[in-house]
Amino acid sequence: MDVHDKATRSKNMRAIGTFDTAIEKRLAGLLTQAGFSFTAQEATLPGRPGFCGERLPLRYLYPRLLLASS
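Everything in the sequence shown is counted per this note's numbering, starting at 674 for the first residue and increasing by one.
It is possible that some hints are incorrect.
Computed beta-carbon distance windows for the label pairs [stated by the list, open to error]:
1. G690 x P719: 38 to 48 Å
2. D678 x G708: 46 to 56 Å
3. A695 x P722: 16 to 26 Å
4. D675 x F709: 14 to 24 Å
5. N685 x G720: 20 to 30 Å
6. K698 x P719: 22 to 32 Å
7. D675 x I696: 23 to 33 Å
No lab work stands behind these hints: they were computed from the structure.
Every residue gets a Cβ at the ideal spot worked out from N, C-alpha and C, and that includes glycine.
Construct the complete structure from the given sequences, taking the supplied hints into account.
Structure, rendered in structure tokens:
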């Protein structure tokens with residue numbers, strides 16, 4: 674059951690950014706500074722991952738959670 678009415682839920686969802694968020698911009702700067710080349714928001718891949726690249730050993734899971742892939 675939703676705690677918001679339809680208008681409030683719509684307003685909240687419009688306010689949520691889907692790309693170019695502050696954390697993504699910061700991470701992009703750190704990756705560039707570390708010498709990684711990557712593509713941000715690759716539309717041709719399923720799920721449109723935040724960052725992808727051949728030598729990029731990270732999975733971007735949640736805005737505040739970065740895990741090294743094994």
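These are the hints, each one checked on the structure:
no. : hint                    : in the structure
1   : G690 x P719: 38 to 48 Å : violated (21 Å)
2   : D678 x G708: 46 to 56 Å : holds (49 Å)
3   : A695 x P722: 16 to 26 Å : holds (18 Å)
4   : D675 x F709: 14 to 24 Å : violated (40 Å)
5   : N685 x G720: 20 to 30 Å : holds (22 Å)
6   : K698 x P719: 22 to 32 Å : holds (24 Å)
7   : D675 x I696: 23 to 33 Å : holds (27 Å)
Of the numbered hints listed earlier, those contradicted by the structure are 1, 4.
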